[in-house]
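> The residues making up each chain are set out below.
Number of protein chains: 2
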Amino acid sequence: MLKLYNDPFAPSPRRVRMFMAEKAIEYERIDLSIAAGETQNAGFLALNPLGEVPVLVLDDGQCLTESLAICRYLEQRFPEPPLLGVDALEQTRIDSVVQRIMFRAYVPSTLAFRHTHKFWQGRIEQVPEFGAIAKQQVLDEWQLLNDTLAERPFMAGDQFSFADIVAYTTLEFGKPSGIRVNDHQTHLKRWQAEIAARPSAKA
Amino acid sequence: MLKLYNDPFAPSPRRVRMFMAEKAIEYERIDLSIAAGETQNAGFLALNPLGEVPVLVLDDGQCLTESLAICRYLEQRFPEPPLLGVDALEQTRIDSVVQRIMFRAYVPSTLAFRHTHKFWQGRIEQVPEFGAIAKQQVLDEWQLLNDTLAERPFMAGDQFSFADIVAYTTLEFGKPSGIRVNDHQTHLKRWQAEIAARPSAKA
Numbered sequence: 001m002l003k004l005y006n007d008p009f010a011p012s013p014r015r016v017r018m019f020m021a022e023k024a025i026e027y028e029r030i031d032l033s034i035a036a037g038e039t040q041n042a043g044f045l046a047l048n049p050l051g052e053v054p055v056l057v058l059d060d061g062q063c064l065t066e067s068l069a070i071c072r073y074l075e076q077r078f079p080e081p082p083l084l085g086v087d088a089l090e091q092t093r094i095d096s097v098v099q100r101i102m103f104r105a106y107v108p109s110t111l112a113f114r115h116t117h118k119f120w121q122g123r124i125e126q127v128p129e130f131g132a133i134a135k136q137q138v139l140d141e142w143q144l145l146n147d148t149l150a151e152r153p154f155m156a157g158d159q160f161s162f163a164d165i166v167a168y169t170t171l172e173f174g175k176p177s178g179i180r181v182n183d184h185q186t187h188l189k190r191w192q193a194e195i196a197a198r199p200s201a202k203a
Numbered sequence: 204m205l206k207l208y209n210d211p212f213a214p215s216p217r218r219v220r221m222f223m224a225e226k227a228i229e230y231e232r233i234d235l236s237i238a239a240g241e242t243q244n245a246g247f248l249a250l251n252p253l254g255e256v257p258v259l260v261l262d263d264g265q266c267l268t269e270s271l272a273i274c275r276y277l278e279q280r281f282p283e284p285p286l287l288g289v290d291a292l293e294q295t296r297i298d299s300v301v302q303r304i305m306f307r308a309y310v311p312s313t314l315a316f317r318h319t320h321k322f323w324q325g326r327i328e329q330v331p332e333f334g335a336i337a338k339q340q341v342l343d344e345w346q347l348l349n350d351t352l353a354e355r356p357f358m359a360g361d362q363f364s365f366a367d368i369v370a371y372t373t374l375e376f377g378k379p380s381g382i383r384v385n386d387h388q389t390h391l392k393r394w395q396a397e398i399a400a401r402p403s404a405k406a
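Protein chains in written order, with the numbering used here: chain A, 1 to 203; chain B, 204 to 406.
You may find that some hints are simply not true.
According to the in silico footprint, chain A covers these stretches of chain B (three or more CB under 8 Å from chain A) [what the hints assert, rightly or not]:
1. 218-224
2. 282-294
3. 297-303
4. 332-345
5. 366-373
Hints listed in this document are in silico derivations from the structure and should not be mistaken for laboratory results. Using N, Cα and C, we set each Cβ at its ideal position, and we do this for glycine too.
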């Protein structure tokens with residue numbers, strides 16, 4: 001049985017949980033708390049020296065790290081339903097949107113969180129002035145993605161894909177930093193409601 | 204013939220140039236200057252509305268964006284020599300190292316550059332205090348990667364791969380921000396010299 005080391009509140013393992021739920025992959029889930037330091041103890045560092053979740057442990061004990069790499073592995077092993085595209089061009093289109101969202105929405109969301117949220121006070125050197133810039137960058141990107149969704153039902157085209165998982169979990173992760181869909185972003189709002197209604201959104 | 208829209212000084216298109224050089228892929232290269240605003244004019248925005256290079260234009264005029272997605276596309280179309288691994292587990296190992304370097308070294312390198320370098324003065328709102336934190340994060344990551352290279356010849360194992368391209372171009376990109384290999388990082392230094400000696404490093 002596959003084992004997933006997870007933190008219930010972290011965005012990266014949530015991507016993997018949602019991906020596995022869409023494919024109905026069975027796995028054992030082991031919850032750790034980043035906040036309580038459980039990803040920094042010797043036992044976990046033996047699985048991933050970087051002390052990051054998710055880690056997917058295979059039947060033979062091999063540990064896979066990095067959520068995007070894990071999802072690509074799972075797509076090969078459990079191809080149905082396809083979430084990363086079925087031919088080279090479709091795969092590239094989806095991948096391109098995934099990369100875009102990761103670098104233009106997810107990364108600045110993590111920076112906004114780290115540099116503005118009280119959770120990080122005293123844990124890292126916060127620079128709130130920079131956090132505000134990062135937050136604005138995220139808000140600008142959601143506006144662009146709202147416009148994109150005027151032209152297509154899902155983030156990467158006509159089909160639900162990993163790009164929607166990455167976008168939805170990024171949007172959810174933004175909430176504690178005050179990053180929300182606003183009422184004028186009707187396309188983003190429609191899309192958010194549709195993704196939230198999928199059972200995998202609760203995984 | 205494939206066409207690559209490029210900026211000679213930007214790290215993301217350099218990844219693709221190096222990848223194509225390793226595979227001896229022929230293409231037409233079109234150089235633009237981000238600094239001179241050439242990626243923001245209407246002609247280029249028609250190819251990529253985000254105004255980012257690289258863009259790879261296929262024979263039929265389709266435009267592919269995002270360097271990592273472009274390289275994965277090229278790997279499928281030009282499989283030799285393999286740079287992304289030949290079976291699912293090897294692909295995952297390489298991908299995992301690529302993701303690690305992108306998020307832990309490349310992203311903070313871009314932030315250090317943007318928030319400390321004079322090129323960006325007056326172009327964006329700089330927060331030098333944050334730039335210094337980002338720079339330190341990059342330096343810490345290179346130290347970890349130096350330790351990793353004590354145990355294996357290349358970033359992702361025994362073979363040269365895309366992980367080395369991503370790491371090398373990130374290290375090169377750090378230079379204007381004062382991010383260098385130090386004399387005590389003997390493994391990183393050995394690896395850097397080996398990668399620099401490959402013809403693709405000059406692509």
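> Which numbered hints turn out to be false for this structure?
The structure breaks hints 1, 5; every other hint is satisfied.
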